[in-house]
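Colleague: Chain by chain, the residues run as shown.
There are 4 protein chains.
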Amino acid sequence: MTDTLIKVDLNQAATDNEQVHNRWHPDIPMACWVNPGDDFILETYDWTGGAIKNDDDASDVRDVDLSTVHYLSGPVGVKGAQPGDLLIVELLDIGAKQDMLWGFNGFFSKNNGGGFLTDHFPSAQKSIWDFEGMFTKSRHIPGVRFAGLIHPGLIGCLPDHKMLADWNKREQALIDTNPTRVPPLANPPFASTAHMGKMRGEARDLAAATGARTVPPREHGGNCDIKDLSRGSKIFFPVYVDGAGLSVGDLHFSQGDGEITFCGAIEMAGWVHMKVELIKGGMAKYGIKNPIFKPSPIVPTYNNYLIFEGISVDDDGKQHYLDVNLAYKQACLNAINYLTKFGYSPAQGYSLLGSAPVQGHISGVVDIPNACATLWLPTDIFEFDINPSASGPTKFLDGSIDLPIAYDK
Amino acid sequence: MTDTLIKVDLNQAATDNEQVHNRWHPDIPMACWVNPGDDFILETYDWTGGAIKNDDDASDVRDVDLSTVHYLSGPVGVKGAQPGDLLIVELLDIGAKQDMLWGFNGFFSKNNGGGFLTDHFPSAQKSIWDFEGMFTKSRHIPGVRFAGLIHPGLIGCLPDHKMLADWNKREQALIDTNPTRVPPLANPPFASTAHMGKMRGEARDLAAATGARTVPPREHGGNCDIKDLSRGSKIFFPVYVDGAGLSVGDLHFSQGDGEITFCGAIEMAGWVHMKVELIKGGMAKYGIKNPIFKPSPIVPTYNNYLIFEGISVDDDGKQHYLDVNLAYKQACLNAINYLTKFGYSPAQGYSLLGSAPVQGHISGVVDIPNACATLWLPTDIFEFDINPSASGPTKFLDGSIDLPIAYDK
Amino acid sequence: MTDTLIKVDLNQAATDNEQVHNRWHPDIPMACWVNPGDDFILETYDWTGGAIKNDDDASDVRDVDLSTVHYLSGPVGVKGAQPGDLLIVELLDIGAKQDMLWGFNGFFSKNNGGGFLTDHFPSAQKSIWDFEGMFTKSRHIPGVRFAGLIHPGLIGCLPDHKMLADWNKREQALIDTNPTRVPPLANPPFASTAHMGKMRGEARDLAAATGARTVPPREHGGNCDIKDLSRGSKIFFPVYVDGAGLSVGDLHFSQGDGEITFCGAIEMAGWVHMKVELIKGGMAKYGIKNPIFKPSPIVPTYNNYLIFEGISVDDDGKQHYLDVNLAYKQACLNAINYLTKFGYSPAQGYSLLGSAPVQGHISGVVDIPNACATLWLPTDIFEFDINPSASGPTKFLDGSIDLPIAYDK
Amino acid sequence: MTDTLIKVDLNQAATDNEQVHNRWHPDIPMACWVNPGDDFILETYDWTGGAIKNDDDASDVRDVDLSTVHYLSGPVGVKGAQPGDLLIVELLDIGAKQDMLWGFNGFFSKNNGGGFLTDHFPSAQKSIWDFEGMFTKSRHIPGVRFAGLIHPGLIGCLPDHKMLADWNKREQALIDTNPTRVPPLANPPFASTAHMGKMRGEARDLAAATGARTVPPREHGGNCDIKDLSRGSKIFFPVYVDGAGLSVGDLHFSQGDGEITFCGAIEMAGWVHMKVELIKGGMAKYGIKNPIFKPSPIVPTYNNYLIFEGISVDDDGKQHYLDVNLAYKQACLNAINYLTKFGYSPAQGYSLLGSAPVQGHISGVVDIPNACATLWLPTDIFEFDINPSASGPTKFLDGSIDLPIAYDK
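Residue numbers (my numbering), protein chains in the order written: chain A, 0 to 408; chain B, 0 to 408; chain C, 0 to 408; chain D, 0 to 408.
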């Protein structure tokens, strides 16, 4: 039986677990050590550490304290790992905690986090997803059911001091361009809610003062939210500190490309069974700056898609220059609008795009001035036919069910 | 035998072919008419109308007159089509012209068009790709060979006058923000090289003065450069004018997501066998603004990928806010750098990313301040193993072959 | 432009074409020669040489002279090929003749050929399939349309004298166990309808007297009718004679595993673009007796299946021992019966299983006394939903259309 | 948390578990009851109930008492199920027991069970496979590692008395044709080792005397050993008795089509999470005799294959008539012989074909007198390149490792 090196108790506060942390800092002590070639299991909280409940009230999403996320399990020290190595991590399997066979998706209030389409969906909403073995469905979004492409939203190794300083410097410089923006452009270190693993006292306070927030993906990987970095995939991580310091969390039962709803994918607590190995000096040998990975040989075969296009012209008809974000926004809005013709509310459509295995492709990025992005909606996840036809569309849903909403107080 | 409604002679100038045009304008007369339910064949020039040659000299790429593109076959009138309808176009098959069984990929000079990585590749270069049935390979990029996912880079219906006016207005507004930029932010109408199909005299001059350039994708589809809109796919186009006015061109033997090299994919002359049908009033029924489509049931099964990540921090270490373009640029640069470890030149790597069936995914777009984009490189297209390993990498190429380059005069 | 080394004129009798033959014999002269590394095109007749017409009368199927088939294009001599080599044949592309954009499927009369389910379908019937680019549909079987997985039913190299003698001897020994059986157990050489390519006079008569019939697959490959040996695949053929002598014919637009209808798949005239190379001494190096091959990277993605099981108990309830043929027969009959619930006639169901890309798997072959075979019916090829449900099934067809039938005279 | 309705303790004899049985008989009492719509978990023994050990000695395979298999968990009663209904079983998930993260594959002695290639491999041998999350590898077969396509080898509902009588009658009739054959043609009821669940005393003895053996697949499904009936698939079972009586066992971590090694696939103890529903009167509505099923949307994407052909001519050169079993045997032997060129022993090759996700297709079954079967070997499961090339093959293995063998005493 494989050793579970980090356990989490969902009835215990994440901040009480010394093998958990919510900031990136090179001084966080290793939570445990392994050898290259070892395989082991790490349990994880959901990214909020249990802040979102399985109920029909979105006020928890509205009120969440985003300075507390993400609760990561680790860091795991790998013996012999040195700066410049590549740490190979194979995700042998991933699953949900048996006492939490559900997950959540939601949109933050525009005043507390926002999201990709926050201008269209400014209030906190959520949907709850039940897991049925490999499958999931939501009581808040009837008519869809699909297999999960389970993956960690967040995984990576500790930065060294130099890299950490760079992160803080460049992100603060961005914040300084518009420091009062809501939502903010970036999040600076924030000591009071920092959970630094085993660190205590002055050392903890010192590290907490500069510990990088976990929200953005960075050179080390981190919160990449790549849906295809799923169980069965093999990742090659840059190593910056002795022992590497691998941490993981923010597990997703399923996610659409972009994780556009921000809160988030289908978020869950769970466990990761992984195996580690080293390529000594691999960063230079392979010219690696960011992680690279090989996707899993086991993936859902939802190959029937309806594909929506978007271009970089905004809702007001203003032309932007090769802006893929805007093009993808338009593709998402086009898909959401389409889904309403079958009876979904816009919020249900938005939630679905964040939760289901939709693909977001950068389709054209040179044809000035318009970028073209495509959103691939798998049609086999629906229990009815959502393809266009001469006789359609049919409203399969009567509108009696919608996502809970919690307006700002 | 299916009727070929538009023929092109590669030995004749595209501008001499009255069933070809290179601007969008509602007044361009239909080149031919069909009925809903008909299938027919249209031949097309390559997008430049033959400006790029099958040789080892990139000066043709450097000197190309971009005001002349794209040479489109059409418009095809569909009887009974009215504004507000959806025109269903099924791409029954697509192929190369038998007298041009090769294609080209290239990078424009930064001073004449540029491209996605023009700051890294400022000079004109090109690669020539030979077709072997379903497969292609290039004498300029050894060690790769792959099946084509053949598609039209450009396809769509004529805009109406209102839409055309909107396009010209919003694009000019963008140009006005930096009218001397090189490369330009957008291209305004340009009458002298406009080819308006059958139009002649004053009518032609009037339309040419406002005819929209064909480079950007727009609401009607147009130059979307979506590699998955391939033979076998079915597209639902908005109709704006009586008869729809469907035009097609810019055929690609293969392309990577983003068509990052701009000049372009693997560009070819060829033919499209298509079938049209109508959904009356379909735009309102389905809430369609941009085209939607169903991809082909026949696609290459290159399922082994090496995936590169990129984040929105630029080469100078400056932090940008959720900028997917930049993140994809970084992912591309990471992939190019990786390929150099196996012996490819950076230019070969760049060309490969524009030509091979690589995927570009919008992986994370909410984790402030960093967007995360991923570039999926199919490893089965290489004749040797490009996966990372403890013993690698091996330089399979000796550097004796590279892409022709033509420096600015 | 690639050279077409063998041309066929569908208005000319196949027996008048000297680059065509319908028997296997080492003395048939090469129709043309190529070098290793060459690519070239061979045109082919349909397997019957035009005996079956595009009409609604199955008497041509009933009356066909099976001693005349299959009309093969070749043999192609490959310079330097010697016995013991492996001949690599890459199928670069395959297509239909432009003047015959349709194909046929049929069942022979039990008294003239029979078929897999001849006891259930003893009379000649046929269906005609029209090609629409990559797709096909039949006026005789409404409600289905699918992309072709185009392949040669028959391809292989000439046997040497020793191998030919072995074939004739072992097949005659089988015939001798029941020489009057209808349909026969095997077909011996039959000189009068033998077409030996360029051979004339006494030499022709001598070879015709022992030339092996082309119906069965044998060690050299031959009439394997493997649907996955499709365009884009790469085959490694044993070489038995100097020059190899590669012949090809019996092109199929599509076929189900087993080609159960015998007459046949969706049979067509067409062309094959192929490339040849050699592995010297490859038979011994790789221990090759029968051909091996790598399937194409381009295949239809019809991944939604309804799978039918069959076991080796016959219609009378008699138990047979691990008989996969019988198990597959039962699986086929189960599928046909199921399809009748949606309105198809049994004959339409049978024809569909022979024509569409159904899979036939040898699922269990050790669980005495029952073999288990499975038939995989792709559900995406139907224009309506044929999955079982609590509310179904629905008769989508009214029975007004069926396959033409021609009873024995 | 989902209820586990049947638990098995691997340290307890299977015969001591009243919710387990090893014969089919309508009188076996339901082990537990569920409602339509319920999902629940059943744990299972490996098919032998623990007879095969994780060691390097094949004497346990040689000496196994085959009259004791298969140990099935159930029968599960489904409230409201009646004869003529279809029982829908969705396999929500399947996994190995945490205290047995390994499986076994083996060949029986020809004198005790035999197997598909028992004439070539007459002695008992075995290989042990370790599970690493979704993946498996064997210390007895170096150089391969693959993801499991986990499935139950055996699943189905209780027969009624009439069906049971038919089974026994027809199988005895077969046995009677050669009652002393080794291995036997079929296995008749055998009371002494029958485990009839909760049944005791006279009732048990009576039922045991006629309880059908579990080895063959039959009309109800049963031991179909269909590798694609994997987790995520949905099966429609005929119901013969009130309550249906669903039983499951013989879990496989992975298997090749045919389960040619008989002992067996990669056999494991584990658990099945399933959900049941009913289609009232479904057997008649859909014309169902044997189960039908829809495969899982989650499958391994091992799409690169090397395909071996076999025809129905035996090792002595004797011609058989359209015998798919023989053709598949030849294809298997061809593949095994090929693998020896890379350093595998024949026994390793044989074991691999039984264990890995190889496909066995009935490719041609009408081309008298030869059937053609194909064996599809996925090449991505190997850690080295096993494709043919002009420079190969390379012996990657030195022959120092082989499967344990136990000769008959």
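Simulated from the structure, these hints should not be mistaken for lab results.
Where hints are given, some of them may not hold.
Pairs count within a copy or across copies, as identical chains cannot be separated in the list.
Said to hold, decoys possible - Listed below are the simulated DSS-like cross-link pairs for lysine-lysine, each with C-alpha atoms no more than 25 Å apart in a straight line:
#1 Lys197 with Lys233
#2 Lys408 with Lys136
#3 Lys96 with Lys6
#4 Lys288 with Lys6
#5 Lys279 with Lys233
#6 Lys340 with Lys136
#7 Lys96 with Lys274
#8 Lys408 with Lys6
#9 Lys284 with Lys109
#10 Lys274 with Lys136
#11 Lys408 with Lys233
#12 Lys6 with Lys168
#13 Lys96 with Lys288
#14 Lys288 with Lys340
#15 Lys293 with Lys340
#16 Lys161 with Lys109
Colleague: Now look at each hint and say whether the structure bears it out.
Modeller: Right, here's what the structure says about each hint:
no., hint, verdict
1, Lys197 with Lys233, "neither (29 Å within a copy, 48 Å between copies)"
2, Lys408 with Lys136, "neither (30 Å within a copy, 57 Å between copies)"
3, Lys96 with Lys6, "both (11 Å within a copy, 20 Å between copies)"
4, Lys288 with Lys6, "neither (32 Å within a copy, 50 Å between copies)"
5, Lys279 with Lys233, "within (17 Å within a copy, 39 Å between copies)"
6, Lys340 with Lys136, "within (21 Å within a copy, 31 Å between copies)"
7, Lys96 with Lys274, "both (20 Å within a copy, 20 Å between copies)"
8, Lys408 with Lys6, "neither (37 Å within a copy, 51 Å between copies)"
9, Lys284 with Lys109, "neither (44 Å within a copy, 31 Å between copies)"
10, Lys274 with Lys136, "between (31 Å within a copy, 14 Å between copies)"
11, Lys408 with Lys233, "neither (45 Å within a copy, 47 Å between copies)"
12, Lys6 with Lys168, "neither (34 Å within a copy, 57 Å between copies)"
13, Lys96 with Lys288, "neither (34 Å within a copy, 40 Å between copies)"
14, Lys288 with Lys340, "between (45 Å within a copy, 14 Å between copies)"
15, Lys293 with Lys340, "between (38 Å within a copy, 18 Å between copies)"
16, Lys161 with Lys109, "neither (34 Å within a copy, 35 Å between copies)"
Hint compliance for this structure: hints 1, 2, 4, 8, 9, 11, 12, 13, 16 are broken, all remaining hints hold.
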